[in-house]
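Visitor: Sequence:
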Amino acid sequence: MKYSIVLKVEPDGATMRLDGRVAWAMKQLVNAGKGGCTPITHPGPRWSDYVFKARALGFVIETVHEAHAGQFPGHHARYVLHTDVTILEDMAVAA
1 MKYSIVLKVE
11 PDGATMRLDG
21 RVAWAMKQLV
31 NAGKGGCTPI
41 THPGPRWSDY
51 VFKARALGFV
61 IETVHEAHAG
71 QFPGHHARYV
81 LHTDVTILED
91 MAVAA
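Quick note: the sequence shown uses my numbering, first residue 1, plus one each step.
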């Protein structure tokens, strides 16, 4: 099975279908709202790739660099979707 969504760019933009991990990432970003997503709060193996591909489709996604502490301190990215979209369909399709 392959994950797929159909979304509409608001207020009167295009309707498009996204498949696979890009579709999954866009759904996470839409649901997260202005708080955005991080690979820590929404685990996914290649967030940077999903965001890269979504940006190539014309979506405006901000990358905010944040520090984190703990046993392995460092930095991570928070991705925030700034394009207003509505998910019209959310489905799994046969591969």
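Where hints are given, some of them may not hold.
Claimed, not checked - Cross-link-like lysine-lysine pairs, in silico, DSS-like; alpha carbons within 25 Å at most: (1) K34 - K53; (2) K8 - K27; (3) K53 - K8; (4) K8 - K34; (5) K2 - K53; (6) K27 - K2; (7) K53 - K27.
To be verified - With beta-carbon atoms standing in for the labels, derived distance ranges: (8) M16 - P39: 36 to 46 Å; (9) T63 - E10: 19 to 29 Å; (10) P11 - H75: 15 to 25 Å; (11) D12 - G70: 19 to 29 Å; (12) K34 - L88: 14 to 24 Å; (13) M91 - G70: 18 to 28 Å; (14) E66 - N31: 16 to 26 Å; (15) D49 - G13: 30 to 40 Å.
Simulated from the structure, these hints should not be mistaken for lab results. Ideal Cβ placement from N, Cα and C applies to all residues, glycine included.
Visitor: Looking back at the hints listed earlier, which ones does the structure fail to meet?
Guide: 8, 10, 11, 13, 15
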